[in-house]
Amino acid sequence: MRRLLIPTFTFLIGLFIWNSDASAFCGFYVGKADTKLFNKASEVAIARHDNKTVITMANDFKGDVKEFAMVVPVPTVLEKEQIHIGDPAVLKHLADYSAPRLVEYFDENPCHVMLYERRSMDALKSMPQAASARPERERALGVTVEAQYTVGEYDILILSAKESHGLETWLSENGYKIPNGASAILHSYLKQNMKFFVAKVNLTEQTKLGFTHLRPLQIAFESPKFILPIRLGTVNADGAQELFIYFLTKQGRVETTNYRTVRLPEAQEIPLYVKDKFGDFYRDLFTQQVKRESERGVFMEYAWDMNWCDPCAANPLSAEEMRGLGVFWQDNQTVMPRGKSFMPQPQAQNVFLTRVHVRYDAAHFPEDLMFQETSDRSNFQARYILRHPWTGTDECPAATAYRQQLRERYEREAQTLATLTGWNISEIRKSMDIAALPTNDNKKWYQQLWVN
Amino acid sequence: MSLDRLKTQFSSLDPRLYQIASLSTLLLYGLLWLHFDVSPVQIIVTIGTAILTQYAGARFYNLPSFDPKSPLISALSLCLLLRTDHLAVAALAAFIAIGSKFVIRWRDKHLFNPTNFALVIMLAGGLGWISPGQWGQVAWFGFLIACLGSLVVTRAARADVTLAFLTFYVGLLFARALWLGDPLTIPLHQIESGALLIFSFFMISDPKTTPDSRAGRIVFALMVALAALYVQFGFFRPNGPLWGLIACAALVPLLDYVLPGSRYDWSKPSTGRSLDSVVNPVFAPLSLSPHQQRRF
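Residue numbers (the numbering used here), protein chains in the order written: chain E, 1 to 452; chain L, 453 to 748.
Keep in mind the hints are simulated off the structure, nothing from the lab.
No experiment lies behind these values; they were computed from the predicted model shown.
Just so you know, even glycine gets a beta-carbon here, dropped at the ideal spot from N, CA and C.
Among the clues, some could well be false.
Stated by the list, open to error - Here chain E is said to cover these stretches of chain L; the calculated rule only asks that three of the stretch's residues, wherever they fall, bring their Cβ under 8 Å from a Cβ of chain E: (1) 474-480; (2) 567-581; (3) 681-690; (4) 707-713.
Said to hold, decoys possible - Each pair of labels, with its calculated beta carbon distance range: (5) Gly181/E / Val493/L: 47 to 53 Å; (6) Glu205/E / Ser491/L: 16 to 22 Å; (7) Lys80/E / Val710/L: 52 to 58 Å; (8) Ala667/L / Ala267/E: 39 to 45 Å; (9) Gln192/E / Tyr481/L: 32 to 38 Å; (10) Leu630/L / Gly63/E: 34 to 40 Å; (11) Glu266/E / Leu630/L: 30 to 36 Å; (12) His165/E / Ala627/L: 21 to 27 Å; (13) Ile597/L / Lys80/E: 51 to 57 Å; (14) Ser714/L / Pro224/E: 40 to 46 Å; (15) Ala627/L / Gly181/E: 19 to 25 Å; (16) Ser491/L / Gln192/E: 38 to 44 Å.
Generate the whole structure from the sequences, applying the supplied hints.
The following block contains the structure:
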């Protein structure tokens, strides 16, 4: 029997040393880094469970809508009911909810106790180029228009083809500008049995509907492929492109399987003056992290259970909003009567949000992004801290000690900021006016030891 | 000291010592530079559980010696690959890995590679996950050199299965890229996974769970490579090789029956040819049991 005890015991030790690091945050949210900070940014929301996938694609296309077109490789031929127009406001809400944030804490009177507060920020976006589409000519080129729909303000075509040159010729003849070099990629997708989802704006419909901006396109399909095709977008890109992906899953966090998924530095204390330039701070921090990962990293900005947030850059999405984004697995919830209770509107359940941000180009991202859903439900947020010093005039030994360590703390914050963003340290010090702070350099160590 | 003497000295060491050194170095690098999602506590729990399970198994089955090297390799591989939020899962994985060696056996050989078996159970149960993309080029390339070095320095009598698997797997990935008309940067990017290296050099190479004859091992490597690629491009699932090896494990007894060879002994590495013990009479100072006996 003793022989059996050892493995059993070992297993139990494992159970008991179980650690839980459920740390809650406190403080006040002050701001977020908007996705609009970044140029050429696309936003994609992917709701996925059991191979059933809903992709919402949004872009910040600024030109003449006549010029707008988009070609997306898709794993299956889509029925009209599988295509939908999303609400840009919901996507915006999702972006705000998950944005990198700035929080602020206020030091308490050291003569009493220590307490806090806080603030936050958010982040960025855009989408790839696209294209639009006669029977004899189609046959000659080996291109099949599998389906053709008008959904909202968009004309949609689902194309399959025998070979890429035919497809490329067909697209060009039908007014789509196909960049040089796209042929090889189209060829590869065709061999992998992918279809092409092609969308352009139907001007008549758009005028009728009265929208001046392009609304997000949504597609729903079932496929074991958990990928995001980015290769076509890299062909003619002048420079890297930004992509924000929001994953809505049931089980847990999503990560890339063929690139490194890296957590951004978080919970760092930074100088107070960053409050007014949080956008610049976050953009430079991101660029610095991209360099650190040799431009091959995919960065996690947020991973959180959709039921709550702390601090909240925006309220969690409602069950209805989640459904709009394709979350089909939620329990049917009865809407609570309004006005009767303090209960908030029913929140999304069983939804875990992962937000990743990737800056990609052909040289560093040769392959499409591939993902997997993990069982990891640990929370993560890109959160940066401003800590306001106590400015009271009380005198006590603790206050003296507190004032003496401030300069050191500011210096530490300056260095953190320089490391995170690559900004010039002496300029940071100047902006912080560190030199004006009382110094205790001339004191001996033992003089600082027993302050009185 | 002449190069020959140095070589003899190295080759007289148990190849597993070299493996332990390279896996530990990689784990340390992963922790410090790549920020692997594995806590020191999880590492301690995994290694502790693996060694204690081996000890318990050795006592229970009345083995004459307790050798922590094999469980240590399994535990280090688990630390490098398995990710979980719960220490209990890490402990369970280590327990299943080592326990499977004692329990799931066929003709006095364990059927599954311990690490592979535990990983597949954890993945299938949704208890943990593997992050195959977390390595980065530097770590991958460094580890590749270390792995190849181990084949040269140690008496890698059964490196054939590793080399055969890598040849088939990488070859087929390149063939696929050529067929698709993809740039070769794509297959090069696809093989840049630390998980693939651990698999090739530490799992499929396990002499205890591969066919005894060289011909058998090469056929086996081909089957695993095909299964792995099917998982990847047919089912679109990550970690193809792990599933491939589990799926092909049942072929080992069959291949041993069709293509027989001599059983492997860590203290007397051999290619499985019957004359090996005469051709390659390497003295094994670390061997605790010079006599033929049951080994795990």
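Consistency of the hints with the structure:
1. 474-480: Three-residue rule not met by the segment 474-480 of chain L, so violated; n is 0.
2. 567-581: It holds, with 4 qualifying residues against the three required.
3. 681-690: holds (count 4)
4. 707-713: Violated - the segment 707-713 of chain L has 0 residues with a Cβ nearer than 8 Å to chain E, which falls short of three.
5. Gly181/E / Val493/L: 47 to 53 Å: Because 50 Å falls inside the window, the suggested range holds.
6. Glu205/E / Ser491/L: 16 to 22 Å: Between glutamate 205/E and serine 491/L, where Cβ atoms are some 55 Å apart, the hint is violated.
7. Lys80/E / Val710/L: 52 to 58 Å: holds (56 Å)
8. Ala667/L / Ala267/E: 39 to 45 Å: violated (58 Å)
9. Gln192/E / Tyr481/L: 32 to 38 Å: Given range 32 to 38 Å: holds, Cβ gap about 35 Å.
10. Leu630/L / Gly63/E: 34 to 40 Å: Holds, since leucine 630/L and glycine 63/E (Cβ atoms, about 38 Å apart) stay within the stated range.
11. Glu266/E / Leu630/L: 30 to 36 Å: violated (43 Å)
12. His165/E / Ala627/L: 21 to 27 Å: The hint (21 to 27 Å, Cβ to Cβ) holds, given that histidine 165/E and alanine 627/L are roughly 23 Å apart.
13. Ile597/L / Lys80/E: 51 to 57 Å: The hinted range 51 to 57 Å holds for isoleucine 597/L and lysine 80/E, with Cβ atoms some 55 Å apart.
14. Ser714/L / Pro224/E: 40 to 46 Å: holds (43 Å)
15. Ala627/L / Gly181/E: 19 to 25 Å: At 23 Å between Cβs, range holds.
16. Ser491/L / Gln192/E: 38 to 44 Å: holds (39 Å)
Going through the hint list in order, the structure does not satisfy hints 1, 4, 6, 8 and 11.
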